[in-house]
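Number of protein chains: 2
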Amino acid sequence: MAPVRLFTLCALALTVTTAHAAELAPKPTLADVIKASTAADWRPLDPANTVYLELPAGRVVIELAPVFAPRHVANIRTLVREKYFDGLAVIRSQDNWVVQWGDPDETTPKSFGTALASLPGEFTIPLAADRHFTRLPDRDGYAPQVGHSDGMPSARDPKAKQAWLAHCYGMVGVGRDNGADSGNGSALYVVIGHGPRHLDRNITVVGRVVAGMPLLSTVPRGPGAMGFFDKAGQQVPIASVRLADDVAPAERSELEVMRTDSVAFQKAVEAQRNRGGPWTKVAAGYIDLCNAPIPVRDSKQK
Amino acid sequence: MAPVRLFTLCALALTVTTAHAAELAPKPTLADVIKASTAADWRPLDPANTVYLELPAGRVVIELAPVFAPRHVANIRTLVREKYFDGLAVIRSQDNWVVQWGDPDETTPKSFGTALASLPGEFTIPLAADRHFTRLPDRDGYAPQVGHSDGMPSARDPKAKQAWLAHCYGMVGVGRDNGADSGNGSALYVVIGHGPRHLDRNITVVGRVVAGMPLLSTVPRGPGAMGFFDKAGQQVPIASVRLADDVAPAERSELEVMRTDSVAFQKAVEAQRNRGGPWTKVAAGYIDLCNAPIPVRDSKQK
Numbered sequence: 001m002a003p004v005r006l007f008t009l010c011a012l013a014l015t016v017t018t019a020h021a022a023e024l025a026p027k028p029t030l031a032d033v034i035k036a037s038t039a040a041d042w043r044p045l046d047p048a049n050t051v052y053l054e055l056p057a058g059r060v061v062i063e064l065a066p067v068f069a070p071r072h073v074a075n076i077r078t079l080v081r082e083k084y085f086d087g088l089a090v091i092r093s094q095d096n097w098v099v100q101w102g103d104p105d106e107t108t109p110k111s112f113g114t115a116l117a118s119l120p121g122e123f124t125i126p127l128a129a130d131r132h133f134t135r136l137p138d139r140d141g142y143a144p145q146v147g148h149s150d151g152m153p154s155a156r157d158p159k160a161k162q163a164w165l166a167h168c169y170g171m172v173g174v175g176r177d178n179g180a181d182s183g184n185g186s187a188l189y190v191v192i193g194h195g196p197r198h199l200d201r202n203i204t205v206v207g208r209v210v211a212g213m214p215l216l217s218t219v220p221r222g223p224g225a226m227g228f229f230d231k232a233g234q235q236v237p238i239a240s241v242r243l244a245d246d247v248a249p250a251e252r253s254e255l256e257v258m259r260t261d262s263v264a265f266q267k268a269v270e271a272q273r274n275r276g277g278p279w280t281k282v283a284a285g286y287i288d289l290c291n292a293p294i295p296v297r298d299s300k301q302k
Numbered sequence: 001m002a003p004v005r006l007f008t009l010c011a012l013a014l015t016v017t018t019a020h021a022a023e024l025a026p027k028p029t030l031a032d033v034i035k036a037s038t039a040a041d042w043r044p045l046d047p048a049n050t051v052y053l054e055l056p057a058g059r060v061v062i063e064l065a066p067v068f069a070p071r072h073v074a075n076i077r078t079l080v081r082e083k084y085f086d087g088l089a090v091i092r093s094q095d096n097w098v099v100q101w102g103d104p105d106e107t108t109p110k111s112f113g114t115a116l117a118s119l120p121g122e123f124t125i126p127l128a129a130d131r132h133f134t135r136l137p138d139r140d141g142y143a144p145q146v147g148h149s150d151g152m153p154s155a156r157d158p159k160a161k162q163a164w165l166a167h168c169y170g171m172v173g174v175g176r177d178n179g180a181d182s183g184n185g186s187a188l189y190v191v192i193g194h195g196p197r198h199l200d201r202n203i204t205v206v207g208r209v210v211a212g213m214p215l216l217s218t219v220p221r222g223p224g225a226m227g228f229f230d231k232a233g234q235q236v237p238i239a240s241v242r243l244a245d246d247v248a249p250a251e252r253s254e255l256e257v258m259r260t261d262s263v264a265f266q267k268a269v270e271a272q273r274n275r276g277g278p279w280t281k282v283a284a285g286y287i288d289l290c291n292a293p294i295p296v297r298d299s300k301q302k
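Going down the list, the protein sequences come from chains V and U. Okay, so the first sequence: first residue is 1 according to the numbering used here, each after it adds one. Okay, so the second sequence: first residue is 1 according to the numbering used here, each after it adds one.
Only chain V is shown next, with the shape it has when bound in the complex (with noise of 0.2 Å):
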C-alpha cells in the first residue's frame, strides 16, 4: 500500500473504508502551486545576505533581513568576515524554545574584533521602512496585522506606525542580557518550537533558517537550566560561518525562495488555509502566520 505514504498525517497499511464522510472539492495542493510556478515567482538568496553555518552535519543557511535591523546584521557580517564564530559552538538546545549558538567560554570570551561589543536594540522599524509587506488575509492576536515581508513573517501597528518580525518556527534573533541594548549578533538563537510570538518586540530578529533547520533542531536538548550543555563534550562545534559572498560560487547553496508578494505565495497560503481533496473533513478557514508556507527550492532543480 505504497500510495498511503502519499497522504499527510497517514498511517501504515490500515483498511481503507470507502463509505467515509463526504470529500472537499480538491483544491490545488501546495506541492501543485509550486509545480505551477513560473520563474518571476521566485527569487535567488543575496550572496551579501546569506550566511552558512558549517556544522559538522551539515550547512545551515540563514538569510538575513537588512531592513528590519540594519546595524546588527552589518555587525555579524563583520562578525563573520572576521571569522569569530569559527571553532565557537551550539551551546544551549531547549525544547519547544530555541537552539542557541556563540562562545561557550564564559571566562576568557574571544574577541568581537572590530564588530561593536553591543548595539541598540532593533526590535521594530519604522512602518514606513517595510516596504514589501503582503498581508495575510486573517487577524492575528499579537499584532494588528501580519503577513511577510521579503520572505519574512512580520507584523505591523499602523497606529505605532511601527513593523518587525515575527518569531516563527526557523526565525533567528539576537541573544540579549537585560539591557535593550545589550546584544551585538555574536550570541544567535534559532525557533526550534512552536513560535514564542511572545517575544515579538523584544528581541532583534536578524533572518531566517531557509535550508538545514534539522541540523539545529535535533540537536539533544541540554540538561541544564534553560537547556544549555552542562559539559564541552555535549556542543555541537562550529566549523565555520561564511557569508554566501565569500564562498567560492561552486560551493553555494543555490536556493531560491518564493517570492511573498507574488500570486503564486498568496495561492501556496491559499492552499494551506484551505484545504480541499480527499483527506481533509474541515478546511480551516483561517491561517497562523506561522503555519503560512514560504516555499525555498534548489535553483538546479527547479
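Honestly, I wouldn't trust all of these hints.
Since the list can't tell identical chains apart, any single copy or any two copies may satisfy a pair.
What the hints assert, rightly or not - In the DSS-like style, the derived pairs of lysine-lysine whose C-alpha atoms are separated by at most 27 Å in a straight line are: (1) 267 with 35; (2) 110 with 231; (3) 159 with 281; (4) 161 with 281.
Since the hints were made in silico from the structure, they are not lab data.
Position chain U against the provided structure of chain V, taking the given hints into account.
Chain U alone, transformed into the frame defined by chain V:
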C-alpha cells in the same frame, strides 16, 4: 557572569549597559507561580490513562484523553495490553511537523490482536461532554473559543455544539488514511513544531506527551517523503509500550500536572501572557492557545 544564564534568551558574557529602556513592573514569573502553588493546584496522572513509551534513550509519558476519544483510547489500551507496540519503531520524523510511530513492516503487518482494525473518527465531541473547560481570555483564529480541558489544549464551537482537542506541540494524534474511519490508534504521531491547528477536527487526538518530548522531537529527520525513514537502521526501536497501571508502582513516573481549572493555572497563563520584570520591554497582552504553559512536576520533588 553566571546570572546571565538565568534570563530567558540571554547572551553570554556581554557588557550589561545600565542605561537601558524603562523597565516593566515586576510580575510573577511562571517559576514564581509554581513555587506559590499548593497541593490542591495539582493532580496525579491516572495510571489507567497513562502510557509509557519506552525508547532506547528513555521513557516518554503520554496522558490519554478518554473524554475526547473514548473509542480510540479504549482501542489503544487494548493494543498496549496485548503488547502490539513492543518491537515496533519510530518510523517517521518530519521537521516542524510530526514524529510518528507504528509498524514499520508494510508488507506483513503485525496483527492487531483483539483490537479493532478501524474505528469511526472521533474528531469532535458534543460540547456537553467537555465538562472541565476553562476558557482562555483571548480570541483565537481557528475556533470560537479555546482553553483547556483536563490538562489538554481544547477548542469549542458553541453554535455547532462541538468541542475538540487542539493540535499544539506535544499533542498525540491518530494517523489515518483518507477515510475518516480508517485509523485505529496503531499509528500515532506527536506534534514537534508550530501547532498545525488546521488539522483540528480532521484527526482523532488522543492525548498529550507530559514528559520525554525531547526523546521524540530530536529524532533525526527522515530522508524520505514526509520524513519517513528509508532504511530500517534509521528507525528508533520501541522497547515496549505499557499502561502505568501495568507497571510496578516503584517503576512508575510519579508526575503531577497543574489543574487547568485552578487559579494557579490562570496565573501561570498570565505569567506568559503579560511578562513583567527587567528583561521584557513589551508585554504581549495576548496568549496563543499553544503558547500557554501546562506545568508538570515530579511529585517526588515537589
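Verification of the supplied hints:
Proximity of residue 267 and residue 35 under a CA criterion of 27 Å is satisfied intra-copy only: 12 Å inside one chain copy versus 48 Å between copies. Taking the shortest Cα distances, residue 110 and residue 231 sit within 27 Å of each other inside one copy (19 Å), while across copies they are farther apart (42 Å). In the homo-oligomer, the alpha carbons of residue 159 and residue 281 lie at most 27 Å apart only across protomers (19 Å), although the nearest pairing inside one protomer, at 39 Å, exceeds that limit. In this assembly of identical chains, the alpha carbons of residue 161 and residue 281 lie at most 27 Å apart only when taken from different copies (18 Å versus 41 Å within one copy).
In the structure shown, no violation is registered for any of the earlier numbered hints.
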